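Chain A is already provided as a structure; the job is to place chain B with the ligands on it using the hints.
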Amino acid sequence: MTALFVLLCVILIGIIVVQIGKVTELAGKIRGEEEAQERTNRTQAGYSMIFMIVFLLACTVSAIYYKDSMLWYGPNESASAHGSSIDYIFNITLFFTGIVFFITQILLFYFAYKYRARRGSKAEYISHNNRLEVIWTAIPAVVMTFLVVGGLDAWNDVMADVEEGEDYIEIEATGYQFAWHLRYPGPDGKLGARDYKMISATNPLGQVWSDEKNLDDFHPSEIVLPVGKKVRVRITSRDVLHNFYLPHFRVKMDAVPGMPTYFVFTPTTTTEEYRAKLGALNDRGEPQYPEWHAPLDPEDPEGPTKFEDFNFELACAELCGKGHYAMRRAVRIVSEAEYKNWLSEQQSYYESTIKGTEDDPFASEAVEEEPELTDASPVEGDTPEGEGSAE
Amino acid sequence: MANVADKPLVHEDDLLIEEYGYDDHFHDHHHGDKFQSNFVTTYFFSQDHKMIAKQFLITGMFWAIIGGLMSLVFRLQLGFPEENMAWLKPVLGKWITVNDAGIGSLAPEFYYALVTMHGTILVFFVLTAGLSGTFSNLLIPLQIGARDMASPFMNMLSYWFFFLAGVVMFFSLFLNTGPFAGGWTAYPPLSALPQASSGSGAGMTLWIVSLVFFVVSVLLGGINYITTVLNMRTKGMSMWRMPLTIWAFFITAIIGLLSFPVLVSAFLLVTFDRSLGTSFFLSEIFIGGQALDHVGGSPILYQHLFWFLGHPEVYIIILPAMGIVSEVLSVHSRKPIFGYKAMVYSILAIAFLSFIVWAHHMFMSGVNPFISNFFVIFTLIIAVPSAVKVFNWIATLYGGNVRFNSASLFAIGFVSMFISGGLTGIFLGNSAIDIQLHDTYFVVAHFHIVMGVAAFFGMFAGIYNWFPKMYGRFMNETLGKLHFWGTIVGAYAVFWPMHYLGMAGVPRRYYRFDSFAAFGSFDLMNQFITVAAIITFGFQLLFVVNFFYSIWKGKKMTDRNPWKASTLEWTTPIEGIHGNWPGKIPTVQRWAYDYGKDGKDFIPQIQPVGADESKDEH
Ligand code: HEM
Ligand SMILES: [Cu+2]
Ligand SMILES: [Cu+2]
Chain A
1 MTALFVLLCV ILIGIIVVQI GKVTELAGKI RGEEEAQERT NRTQAGYSMI
51 FMIVFLLACT VSAIYYKDSM LWYGPNESAS AHGSSIDYIF NITLFFTGIV
101 FFITQILLFY FAYKYRARRG SKAEYISHNN RLEVIWTAIP AVVMTFLVVG
151 GLDAWNDVMA DVEEGEDYIE IEATGYQFAW HLRYPGPDGK LGARDYKMIS
201 ATNPLGQVWS DEKNLDDFHP SEIVLPVGKK VRVRITSRDV LHNFYLPHFR
251 VKMDAVPGMP TYFVFTPTTT TEEYRAKLGA LNDRGEPQYP EWHAPLDPED
301 PEGPTKFEDF NFELACAELC GKGHYAMRRA VRIVSEAEYK NWLSEQQSYY
351 ESTIKGTEDD PFASEAVEEE PELTDASPVE GDTPEGEGSA E
Chain B
1 MANVADKPLV HEDDLLIEEY GYDDHFHDHH HGDKFQSNFV TTYFFSQDHK
51 MIAKQFLITG MFWAIIGGLM SLVFRLQLGF PEENMAWLKP VLGKWITVND
101 AGIGSLAPEF YYALVTMHGT ILVFFVLTAG LSGTFSNLLI PLQIGARDMA
151 SPFMNMLSYW FFFLAGVVMF FSLFLNTGPF AGGWTAYPPL SALPQASSGS
201 GAGMTLWIVS LVFFVVSVLL GGINYITTVL NMRTKGMSMW RMPLTIWAFF
251 ITAIIGLLSF PVLVSAFLLV TFDRSLGTSF FLSEIFIGGQ ALDHVGGSPI
301 LYQHLFWFLG HPEVYIIILP AMGIVSEVLS VHSRKPIFGY KAMVYSILAI
351 AFLSFIVWAH HMFMSGVNPF ISNFFVIFTL IIAVPSAVKV FNWIATLYGG
401 NVRFNSASLF AIGFVSMFIS GGLTGIFLGN SAIDIQLHDT YFVVAHFHIV
451 MGVAAFFGMF AGIYNWFPKM YGRFMNETLG KLHFWGTIVG AYAVFWPMHY
501 LGMAGVPRRY YRFDSFAAFG SFDLMNQFIT VAAIITFGFQ LLFVVNFFYS
551 IWKGKKMTDR NPWKASTLEW TTPIEGIHGN WPGKIPTVQR WAYDYGKDGK
601 DFIPQIQPVG ADESKDEH
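Keeping their order, the protein sequence lines are chains A and B. Just so you know, our numbering puts the end of the first sequence at 391, numbered straight through with nothing missing. Just so you know, our numbering puts the end of the second sequence at 618, numbered straight through with nothing missing.
Hints are not guaranteed to be accurate.
[To be verified] Derived pair list, reagent style BS3-like, types lysine-lysine, alpha-carbon separation capped at 25 Å: (1) B:Lys-615 <-> B:Lys-597; (2) B:Lys-600 <-> B:Lys-54; (3) A:Lys-213 <-> A:Lys-230; (4) B:Lys-564 <-> A:Lys-122; (5) B:Lys-341 <-> B:Lys-553; (6) B:Lys-235 <-> B:Lys-89; (7) B:Lys-235 <-> B:Lys-584; (8) A:Lys-213 <-> A:Lys-197; (9) A:Lys-114 <-> B:Lys-600; (10) B:Lys-556 <-> B:Lys-54; (11) A:Lys-306 <-> A:Lys-190; (12) A:Lys-29 <-> B:Lys-564; (13) A:Lys-29 <-> B:Lys-555; (14) B:Lys-600 <-> B:Lys-615; (15) B:Lys-600 <-> B:Lys-564; (16) B:Lys-615 <-> A:Lys-122; (17) A:Lys-229 <-> A:Lys-190; (18) B:Lys-600 <-> B:Lys-341; (19) B:Lys-235 <-> B:Lys-553; (20) A:Lys-122 <-> B:Lys-584; (21) B:Lys-54 <-> B:Lys-564; (22) A:Lys-229 <-> A:Lys-213; (23) A:Lys-229 <-> A:Lys-277; (24) B:Lys-556 <-> A:Lys-22; (25) A:Lys-277 <-> A:Lys-306; (26) A:Lys-340 <-> A:Lys-213; (27) B:Lys-553 <-> A:Lys-29; (28) A:Lys-122 <-> B:Lys-600; (29) B:Lys-597 <-> B:Lys-341; (30) B:Lys-615 <-> A:Lys-114; (31) A:Lys-190 <-> A:Lys-230; (32) A:Lys-29 <-> B:Lys-556; (33) B:Lys-553 <-> A:Lys-22; (34) B:Lys-556 <-> A:Lys-114; (35) B:Lys-555 <-> A:Lys-22.
[Claimed, not checked] A few chain A residues facing chain B, derived, Cβ under 10 Å: (36) Gly-14; (37) Arg-31; (38) Gly-32.
Since the hints were derived computationally from the structure, they do not count as laboratory data. What you are looking at is a predicted structure, and each value in this text was computed from that prediction instead of being measured. Heads up, the beta-carbon is just placed ideally off N, CA and C, and yes, glycines get one too.
In isolation and in its complexed conformation, chain B is listed as follows:
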C-alpha cells in the first residue's frame, strides 16, 4: 500500500484511523484483489464502486452529447425554418426533405422523434443514470466508511442493464420507421397505435424495451444504495451524522424504488394494448379509415400511472444535485451547511410530497376539476421545503470564507437556477394559471431551468469537486471557470426568453410557428435561442476536452485532502484502492460539517471530540 505522495503512516489521518479505526480484517483475505485481476474485470465488468461510478459518468456524458446534438438539430429547424438543412442529409438521410426550391428541411415526423429522444435521453440516461449512478456509487461507500456496496455484483449488473438500455435506444435511432416520436411522456393512444405515428411501431417497442432495462438498472442500483446506507455505515456514522449527499442519494433511491415499478406497469399495459388487443388505455378510436374494437379504456389512466413516476422522477433528478451542492457549498465556504436538520427534513418532506402531486401535470387533461383542488394544495406546499433549502444555501454563504473554483461556482449557479425555475413552478402549480400556461413554452422554460440546467450544474459541481477523488488529478481550473460562465450565461439566454414565448401562448412541441398568427411573431427570439443553444453546447465541449485531458494530463494531486473537507472520502489514499482504506476502516466521531469551529479551519469526521471543544446542537 505504499505510495509516494503521502509517506506511509505519517499522514495524520492514517494515525487517527490506526488509533480509532475498526479492524474488519478486510485485507487479510485475498478476495479483495480478485476483482482487479485482469483488464476486463478492471475496466469492463468491474465490481468496484469507484470504477462503476466512472462507467456511469462516461456513459452519461456520451448520451449528453448525443441528446444535446439532437436538440441543436431541432433548434435549427425552429430558429431558421427557411434555411437550407440539406447539409445534414449525409447524417440524417431521408429525414431531410428537400423541396422544389432545393431547400432541405427536417421532416416533421423526425422533428418529433428528435424532441422525444432528446427528452428521454436527458431525463433518464443523463440526469438519472449519469447523475445518481455516478455519485451514489462513488460517494456512498466512501462517505459512510464502507469497503464497497452491499452487493458489488448487483452494482455491476445495474451498470450493464443501463448500458443495454442505451444500446437498444441507440439502435432505435436507425429504424426505417424512425425512433419513437410521441414525446418523452409517451401518452397513448398516440404511443399505442402504429397507425397514428410512424415512430409508434417498432420505435415505440424498442423505446419500451429500453426503458424497462433502464428501470431494472435503477432498481438494482437503488436496492444497493439503500442497503448500503442502512447497513454498512461505519461505527459512529449515525444517520444524523451523514453528509447531505448521502441523505440525498438514500432518499432518491427510495423514491426510485417506489415509483419506477409503476412506470413499468404502465408500459406493460400499453404493451398489452398494442399487441394483445386489450383496452386499458384505448376507447372508441377511429384511425386509418377504420374503427378499432377497443372500448372502455381511458388514456387518462396512463397519465396517472406515468406521472406517478414522472413527478417523483424530477426529484430523483434534482435531489442528488441538491445533496452535492449542499456539500460543495459548505466545503468551499468553509462553513457548516446552514440548518442541517432542516435540510434533511426538507428532503424528507419533498420526497413524501412528491408522491401526492403528480396530477399537477394533468390539470387540463380531462380529470375531474374538483380533484385538482387537492393537487394544487399539495403542489404549492412542496414549494415551502424547496424555499427553505434555497434560504439555507444562501445562509451557508453568509459569513463564510468562500473559495471560488469551478466546483463552488457551479454550486452557486445551481442555486440561482433553482430559484429561477422553482418560482415559475408556483405559477404552474396553481391550476387556474395553468389553464393558460399548460403545454406552452412557459413549461419548457420552467423545467429546463429548474431541472435540466440546475441538475447539470449540480453534476458539474460534483465532477469538478470529486474529480481528484476519481482520477487522482485535478481538472483544469481556468477551463472550468470559462465553462461555468459560458454555461450560466448561455443557459439563461436559451431558456429565459422561453417564458415570454409561453406567456404569449406559444405551445410547446410545434414544428413551425407560422401556421398561427398568434404564435408566429417571434422569429427573432427563436433565432436568438437557437444561436445561444449552439454556443452553450460549444462550452460543453470545453468541459469534455478538459475532462479527458485531465484524466491523463491534469495537475497531479499531492495532498489527499485538497479541499480540506471533513468527510471520510478524503481520508483514503490518493490512488483509489480496492476496499478504499488500506488498513482499518475509519470510525466516525462527529457530524460532517465541523468547518470553522472553535477557530479551526475544519475538523475531520474521524477526529474524536476534544475535551475543550465547544458544544453545538446543530
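Isolated chain A, as found in the complex:
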C-alpha cells in the first residue's frame, strides 16, 4: 500500500516537473529562440552573482561561527609541544589558499556575469598570453615552495625519533578489535619482549615472561602522563590496522600488526589547565565558551558542566571493523608529583596475574600470592569467535 502511494507520488512529481519544463519551452517558442536565450543569459548571470555573494558570505560567516570548536582557534589549541608548529603551517596555508579562494571564485562568477552574451555583443579572440601564463605558473610555484619548506621543516622535527641518552618515557599502545591495550614499562623504564604466539586470555599482549624487563610492566586503563616530559609511544596492533590518534596533541600514527611504529611528543598542558581554559570567564564575568558551561547531562542541570568533565581522548583513526568508532581511552596529563604518585599505585601485570601460575617461569622461586586482576580493560577479542563487542 505504502509502496503504491510512494510510487504514485513519484509519478505525480514527475508529471509536475515535466510540465514546469514545458512552460518555459513554450515561452521560448513565443518569444523566439534568440530573445529567449538572451533573457536566460541575463537571469542566469544574475543568479551567478547572487550565488557567489551568498556562497562566499556563508563560507566566512560559518567559519567565524564555528571557530571555537575548530582546532587552531578558540579554546582548542594544541596541548603538545610540536602541535603549535603544525597549527602554524596550517594557518599560513589557510592564509594563502584563502586569498586564492576568494580571488578565483570572484573572478570566475564575475567574468561569467560580465561577459554574458547580449544582443550584438561579440567575444574577443584571445587564444593565449605567454607573459600572463608564466606569471601565474610562477606565483603558485613560489608559494608552494614556501609552504613545502615550512612544512617539511616541521615534519622532520615532529617525526624524529628520540635520540640516544635522551630523557623520555616510553609507553606502549596496542590496538585490537575493539579497544586499546596500554602498557607502561614500570620502574626499570624498559618494555619487555613480546611474542604474538604467546597471546592468551591471561597474557593479552603476549609478553615473554622469561624476559625480566616484563616483570614490572603494568597495564593501566588510561594514559597518564606528566606534563612537560617527552613521551615515546610505541604503537602496535594485535590484529588489523588501527591508528593511535590523540586529537588534542596532534598525534596520529597507524598501528600495524608485525611492525611497531612510534610517535614522540611532549604534553604541555595538564588536564586541569585545559579544563580551566574551557571554563574561563571573560572580563564581564561571562563564560568565554558558553557551550562548555552546559551541563554534562541535559536532564540534570545542577550536575557537572561539560568543561569540568573534560578529558583528553585517545581514538582510533583507521577503519578496523564494526567497533572502530568506539575505541576510546581517556588521557590524563598531570603534574610530575601526581604522576609519581599514580605510578606508585600501579601494580605490574606479572605480579597481579601471572606470578605463581603455570605461565610463570619463575614459579618455583616465587612466593605464592593470590593473583588479582587489576587490568581494567577486558580483553574482548579473546572469545573464540573473535566477536569483540563495540559497546
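Here is chain B with the ligands on its own, set in the frame of chain A:
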C-alpha cells in the same frame, strides 16, 4: 542517407566534406550495416561506439542512484542516530537492529558495508566507467574523424565486462554475511581475514572478482581509446589540433593502462593471503582467539600497491571531466580555450606527476617519515599545473560572449568546485598538517568536492552538451538549470561543513560520534548535512526524469550544429548513423578553437584556412 531536417547536400558542412573530405569507400561495402541488423545487436551487443557510450551512461546512472541511495541511508544514521529506522526493515531486513525501546537503527557492520559500497561504486562504476566510458566512446571517433573505434568488438567486450562487474557487485549486496565492509581502499589485514569482519568473507571475494572484471573492462576500453587516437585520426588532425576532450581521454586511458594492472597485482596477492596461506600482507596476527601462522608480510606493501593505482585513479576520474569542461566553456563563451598548449602540457604534467605522489595517502601509515619528504614535494608540485588549468578556464570566460545554459553552468560550477577542493589538497599534501587532518572529515570534504562533485559536474556538463548528439533531441533547459542550482547549492551545503568537522578532529568512518566528547558536539551540523544530502539527491532525480523524458519527448534538434561548435562531431547527420559520416570522412584544416576569429563567430575545423585569414600561433 536522406534526412528531412537538413536537406541532403545543401548543408554547408556536407559541401565542405564532399570537396575536401577523404573517400575511404566505407559505404561501398555492406559490412557497415551488419551491426545494426537486429534488435539484439543494436541495443545489447552493439559494436557501435555511440550505442556503447549510451550503455555506459545509463549503466553509470543506475549505479549512481544505487550508490547515492546508500549514502542517504548511512547519512540518516549519522545525522539522526536516535531516530527510528525500523521503516527500512522491509528493505534491509536483519541489518536494521531494533533495540528494547523499539527503536531501529542501522547495524554497525552494515553501516560500514554501505560506506564501502558507496565508495567503490561511485569511484569505479560511476566516475570511471560512467564518465570515461561514456564520453571517450562517444567523442573519440566523432571528434577525430573516425568511423568507429579501432576495435569495435573489444569495445563491446569492454562494456560487457563492466556489466559483469556490476552484476557480481550487485549480487554481493545480498550475501547473508553482507557485502565487503572494509572501506573502498580494502586495506588488509581487515580485508584479508574473514575473522576480522563479516564482510571480509564472501563479500570480499566477490568484491575482488567484480573489480578484476572491472579492470579488464578498463583495459579493453583503454587500449582501444589509445589506439584509436593514435592511428585513426583523420587527415589533418595532428595531435596539436585535437580538442582538449580528446587529449584528456587519451591521457586518461594511458594512465589507466599503466596503473590498473598494479591494482590487480595487489588483489592477486591478497587473494593468495586469503586462500593459499601466503603472507604478503600479514604478519604476527592474533585474531579470533588464535595466533595465525603468517609472519613477515607487510600491510603497508598493499597500501603502496593500492595507491599506486589509487592516486592516478583520481586523475583518471577528473581528467575527462576537465577535458569536457574545457570544451564546453570554450564553445559557450564563444572563445578559444585560453592557453591551449598550456592546457595540454598541464594534462601531461599532471599525468606524469600522478604516478609519483601516491604515498601522500600514507604519511601516517608507518612508512619511513624521511620518504614522505619526496612525496610532499611532488604532491605540492602537482598543485601548480592544477592551478594553471584553473586560471586558464577563468581566462577563457574573460572577454567572452557567454551563453548560459545547463551545460555551461555545470562547467562553471565544475571550476568553482575544483578550486574549493583543490585548495584543501594543499593542506593535506603537506605532511605536517596531514598528521592532524588525515582520516578526518577534512579529507572527506576534500575529495568529495574536488573529485566527487567536480567530476559529476563535468559529467553533467557533457551530458547536457552532447545529449543532442546522442539522442537527436535536447534536454529540457529549465529543468537543467533548476538541477544545476539545486546541485551546486546542495553539494556545498553537504560538503563545506565537513571541513569544520575535520578541523575539529572528527575522524571519518565513524558509525557514531557520541562515544567521544571531542567529536560528539556537532549534532546540529550532522543533521544539516543529512538533510542537505537528501535534498541534493532529490535534485538528481530531476535530472533522471529530464534525461529519460527528453530521450523520447525532448525538443527535436533541427540544426545539426546547435551550439555552433567547430569540432567534427557536429558535422555528422542528426540521426547518428553507423560509420558516422554518410559519405566521405571530413579532413581537418585547423585547430579546434577558432571561435571569434577575424570577427567570425566560429570556423569549423573542416574549413580550409582562407588566404586573408589572420595568423595565430595559439
Ligand atoms: C591540488 C592538488 C591535490 C593535492 C595536493 C591533493 C592532496 C591529497 C592528499 C595529501 C590526500 C590524502 C589525505 C589523507 O588521507 O590524509 C588526498 C586525498 C584524496 N584526494 Fe587529493 N589532492 C589534490 C587534488 C585531488 C584531485 C584533483 C582529486 C580527484 C580528482 C583528489 C582526490 C582525492 C581522494 C579521492 C582522496 C582520498 C582518498 C581516500 O583516502 O579515500 N585530490 N589528496
Ligand atoms: Cu579503528
Ligand atoms: Cu592522491
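Structure-based check of each hint:
1. B:Lys-615 <-> B:Lys-597: It holds: about 10 Å lies between the C-alpha atoms, which stays within 25 Å.
2. B:Lys-600 <-> B:Lys-54: Given that 25 Å is the threshold and the Cα spacing comes to 34 Å, the pair is violated.
3. A:Lys-213 <-> A:Lys-230: holds, 21 Å
4. B:Lys-564 <-> A:Lys-122: holds, 14 Å
5. B:Lys-341 <-> B:Lys-553: Distance ~41 Å between Lys-341 (chain B) and Lys-553 (chain B) Cα, so the pair is violated.
6. B:Lys-235 <-> B:Lys-89: violated, 61 Å
7. B:Lys-235 <-> B:Lys-584: holds, 12 Å
8. A:Lys-213 <-> A:Lys-197: holds, 19 Å
9. A:Lys-114 <-> B:Lys-600: holds, 21 Å
10. B:Lys-556 <-> B:Lys-54: holds, 18 Å
11. A:Lys-306 <-> A:Lys-190: violated, 37 Å
12. A:Lys-29 <-> B:Lys-564: holds, 20 Å
13. A:Lys-29 <-> B:Lys-555: holds, 11 Å
14. B:Lys-600 <-> B:Lys-615: holds, 14 Å
15. B:Lys-600 <-> B:Lys-564: holds, 11 Å
16. B:Lys-615 <-> A:Lys-122: The hint holds at about 20 Å.
17. A:Lys-229 <-> A:Lys-190: Judged against 25 Å, a Cα distance of about 16 Å means the pair holds.
18. B:Lys-600 <-> B:Lys-341: holds, 23 Å
19. B:Lys-235 <-> B:Lys-553: Violated: Lys-235 (chain B) and Lys-553 (chain B) sit about 38 Å apart, past 25 Å.
20. A:Lys-122 <-> B:Lys-584: Violated: Lys-122 (chain A) and Lys-584 (chain B) sit about 34 Å apart, past 25 Å.
21. B:Lys-54 <-> B:Lys-564: This hinted pair holds, its Cα atoms lying about 23 Å apart.
22. A:Lys-229 <-> A:Lys-213: With a Cα-Cα distance of about 22 Å, the restraint between Lys-229 (chain A) and Lys-213 (chain A) holds, given a limit of 25 Å.
23. A:Lys-229 <-> A:Lys-277: holds, 21 Å
24. B:Lys-556 <-> A:Lys-22: This hinted pair holds, its Cα atoms lying about 13 Å apart.
25. A:Lys-277 <-> A:Lys-306: Holds, at roughly 12 Å.
26. A:Lys-340 <-> A:Lys-213: Since the Cα atoms of Lys-340 (chain A) and Lys-213 (chain A) sit roughly 20 Å apart, the hinted pair holds (cutoff 25 Å).
27. B:Lys-553 <-> A:Lys-29: It holds: about 16 Å lies between the C-alpha atoms, which stays within 25 Å.
28. A:Lys-122 <-> B:Lys-600: holds, 9 Å
29. B:Lys-597 <-> B:Lys-341: holds, 18 Å
30. B:Lys-615 <-> A:Lys-114: This hinted pair is violated, its Cα atoms lying about 28 Å apart.
31. A:Lys-190 <-> A:Lys-230: Holds, at roughly 15 Å.
32. A:Lys-29 <-> B:Lys-556: holds, 13 Å
33. B:Lys-553 <-> A:Lys-22: Holds - the C-alpha atoms of Lys-22 (chain A) and Lys-553 (chain B) are around 11 Å apart, at most 25 Å.
34. B:Lys-556 <-> A:Lys-114: Violated, at roughly 31 Å.
35. B:Lys-555 <-> A:Lys-22: It holds: about 10 Å lies between the C-alpha atoms, which stays within 25 Å.
36. Gly-14: This hint holds: Gly-14 (chain A) lies near chain B, its Cβ roughly 5 Å from the closest one there, short of 10 Å.
37. Arg-31: Hint on Arg-31 (chain A): violated, closest Cβ of chain B at ~14 Å, above 10 Å.
38. Gly-32: Where the cut-off is 10 Å and the nearest Cβ of chain B is about 14 Å from Gly-32 (chain A), the hint is violated.
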